[in-house]
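Based on the hints, put chain B in the right spot on chain A.
Next come the chains, spelled out residue by residue.
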Amino acid sequence: MRNTFAQTFYEAANLDQRLAVVVADISPAGSMQKFRDEFPDRFVNTGVAEQVMIGMCAGMALRGLRPFAYTIATFTLFRPFEFVRDDLCYQNVPVTVVGIGGGVTYSTLGGTHHAMEDVAVAAAIPNMTVIAPCDPAETRAATLWCAGQTRGPVYLRLGKAGEPDFTSRAPEPWEFGKLRYLNRGRDVCILSYGPIMKVAVALADRFQKAGKTVSVVSVHTIKPLDRDGIVDALNTHKQVVVIEEMVPRGSLAGQVKEIAWDRRAQCRLDSFTLHDHFIHNYGSHNDLLAAHGLDLASISAKLGLA
Amino acid sequence: MEIEMGPASPPKFDVLAARRRCLAYRRRILDISQQVTALHVAPAFSCLEMVDLIYHGLMRRDPSRGNPGFLDGFVMSKGHGCLSQYVILEDLGVLTKTDLDRYCTPAGQLGAHPDYGVPGIEASTGSLGHGMGIATGMAYADKIRGDDRRTFLVLSDGEFQEGSTWEAMMMAANLNLENLIAFMDLNDFGGLARMSEGHPAFYPVLEKIRAFGFEAAEVNGHDAAAVLQAVVSRRGRQPFMVVGKTVKGRGVSFMEHFNIWHYRSPSKEEYEKAMAELAEVSS
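If you read the protein sequences in the order shown, they are chains A and B.
Read in order, the letters of the first sequence are residues 1 to 306 in this note's numbering.
Read in order, the letters of the second sequence are residues 1001 to 1283 in this note's numbering.
Here chain B stands alone, though its shape is the one from the complex:
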């Protein structure tokens, strides 16, 4: 199965529009943070540009199949990053404003981890190290049935401490799943400590990914144009992984690189300061 993703046919993707969207998505996530106390703001901010690119620039759509009519699949393996997914699904009309307003409440259907069965959610994640195996099964099923669907997958760097991720990577490579396109959110933070300090053997990363049979490229994960370029210029004969170097809490100065924002919700004062930083500016 050949997947045409060469530079000859780059998907239409407006980088400036993406920048504006991501500012709005960050503000929307902060709005939600004022309704509930427990959520994962910083891990959603670190992968936001990549998730935005996947939904708006990479996943093919067929409007005749309804809205959004995605022809490709998406699995958020780092389930704790799902706020990034929810705000985009709201923007696309897959989830409603009411769905997001009821985030983590008894009347709602959205929790702090994505749940299969909710519109737009293709797999239940939250326990780390599961997404690569599930996505490998999905991509394999598509491949043997001749379905040209691609499966996009976003993983946290912490998930590469799980052996299951590497087990599944070897299988994806063994099975030549060129229809599997993964994105590592390399923000260098676990829940407890920086990976580079607590788990330094994780580095260098790119060589390890390649050694496990993936084609891979390392880029700035907040630079959507660079991520897109990496994806469209891949050779595409193996599974592919973007190693996206990111900043945890990206976009709000006092959240960047401060791991307390893995879990913490901003106070009213912090919220207003953050919203001011995320105000739309003419570029």
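Bound-form chain A, shown alone:
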């Protein structure tokens, strides 16, 4: 996703002189180096200084540029939080705050590098839009949307590297603010976003082996949430499962349950999120997800699937 973001940004920035990127001491992956070499004026590295990264983006946007702030999710959002809130959201300027390694992607780096509550924190700020693509193809579509939008600040939550493709053959294109069905079934609907889509897709396979038809949905736009789309998913399936790599407070799962209650939804509804506690585990991304009960085996067991 990181390389796809960089390549897409590079292509968009070739066509639009207003696009710039401000990073905070992160190595320019993939095409970001190419962008830096070709457009040195539009690449700024503030060093390990995230407050000025966000502040500069605000000032550049107020002067008509379309900056992207770019570093690891914990440092792009948590460290300079009040700058994101005041400089970007209160002033409502079109700056994209890119968080690399949302969730527990940085699985060997410990809790300081886990953005477990980033989506909730970002979505809590008025004017903030939150987008979390699930694979490289969605990353491309989302990046292009961010590069062209003027509605205000966006938190673009990405994974890291090596995410498989889930959507390039999806029947529906990526559309901002809309649920995206990667395939449609009638019995079960799995709602997910971000790289943990790999678990959602594997779970769909287990449901199918158990004789169910399954919809898999990328809820890539967390805010504004496609509430009508959620209502429709709740009304047209017997069972809805939410899987997300985020803490329970402020989660998609919480919002889906709220909508389900308000609309008196009749379906079964299960949700799986990160736990509301810091863990001190290390290993692969899958190891960390398992430590939070977000692995295929744990989820399958709780849903009564073999």
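By construction, these hints were calculated from the structure, which means they are not laboratory data.
Any given hint could be a false lead.
Some chain B residues well away from chain A (every beta-carbon gap over 12 Å; in silico) [said to hold, decoys possible]:
(1) Met1059
(2) Glu1215
(3) Gly1236
Between beta-carbon pairs, the in silico distance windows are [stated by the list, open to error]:
(4) A:Gln17 to B:His1257: 48 to 58 Å
(5) A:Phe81 to B:Lys1268: 35 to 45 Å
(6) A:Asp262 to B:Gly1066: 46 to 56 Å
(7) A:Gly110 to B:Gly1066: 48 to 58 Å
(8) B:Asp1062 to A:Arg263: 51 to 61 Å
(9) A:Ala124 to B:Ser1196: 32 to 42 Å
Rough simulated footprint, nothing fancy, chain A against chain B, three-plus residues with beta-carbon under 8 Å [as the list claims (entries may be wrong)]:
(10) 1136-1145
(11) 1160-1169
Each residue gets a CB set at the ideal place from its N, CA and C atoms; glycine is no exception.
Just chain B now, kept in the frame of chain A:
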């Protein structure tokens, strides 16, 4: 990008007229103080001469672009000093008398901190330590686009307790933003205590500013001619900062150096005493 600000072309600036203006601005601020209870009189008075100089002596204007047609930018990083900005914007016709009469009321658009979107206000401030970063981004955007606009910035000395100010200063220096001209309102007061007593390591100031890559000069911040001279005689190859030594509550004897006037509005009796002190005198 070269910015011509050498002594060969000093902006036209009438110091006596500025003195008269600043007396009138102080009286106007005190008038507003009689309408609402909460405002920042003393922090507006300490930076008033510098803000007046920026608007009337430094910011270039092109009347063909409307009134005031500023070609340069201004950010009031010490948002709590914004009354100084409001009364000047009223004088310039950017804000109306009604705007100021409705200060901090439900029908109005002006609050105790400047809000982006209000005419003449280029950034929302109030939380301290944000202005330097925003102004650095503005100046950088202008520079890479070849726009010769300059960005003027007024900060409180308290904002230099925020690490974010120093982060942004290093970046402004790294990026050689000679189009960024900052003014520190060195009134030596925080909200709680004198900086020199509560935070003595802040001093000496000038050396620190220079050590972070700014060209800088320390002058009496109430002496507009001295501030102007410092700005026009700068070398102009780096970002510049005037360290303006000021008096909190400047202009009203019983407000000077008394920190209660950071927040307090004068009573009717105090108001009249202050207005008498601020009456125009022939100089």
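Interface-negative label, Met1059 (chain B) against chain A, beta-carbon threshold 12 Å: Label holds. Min Cβ-Cβ 16 Å, cutoff 12 Å.
Distance restraint evaluation - Asp1062 (chain B), Arg263 (chain A), Cβ atoms, bounds 51 to 61 Å: 57 Å, holds
Range hint compliance [Cβ, Gly110 (chain A) to Gly1066 (chain B), 48 to 58 Å]: 56 Å, holds
Cβ separation of Ala124 (chain A) and Ser1196 (chain B), checked against the hinted range 32 to 42 Å: For Ser1196 (chain B) against Ala124 (chain A), whose Cβ atoms are near 40 Å apart, the range 32 to 42 Å holds.
Cβ contact check, 8 Å cutoff: the segment 1136-1145 of chain B against chain A, three residues minimum: holds (count 9)
Assessment of proposed distance window 48 to 58 Å (beta carbons of Gln17 (chain A), His1257 (chain B)): Given range 48 to 58 Å: holds, Cβ gap about 51 Å.
C-beta pair Asp262 (chain A), Gly1066 (chain B): status relative to the range 46 to 56 Å that was hinted: 50 Å, holds
Within 8 Å of chain A (C-beta), three or more residues of the segment 1160-1169 of chain B: As far as the segment 1160-1169 of chain B goes, the hint holds, because 4 residues have Cβ atoms under 8 Å from chain A.
Status of Glu1215 (chain B), Cβ more than 12 Å from any chain A Cβ: Label holds. Min Cβ-Cβ 20 Å, cutoff 12 Å.
Claimed clearance of chain A by Gly1236 (chain B), with the beta carbon kept past 12 Å: 20 Å, holds
Range hint compliance [Cβ, Phe81 (chain A) to Lys1268 (chain B), 35 to 45 Å]: 44 Å, holds
Checked against the numbered hints above, the structure violates none of them.
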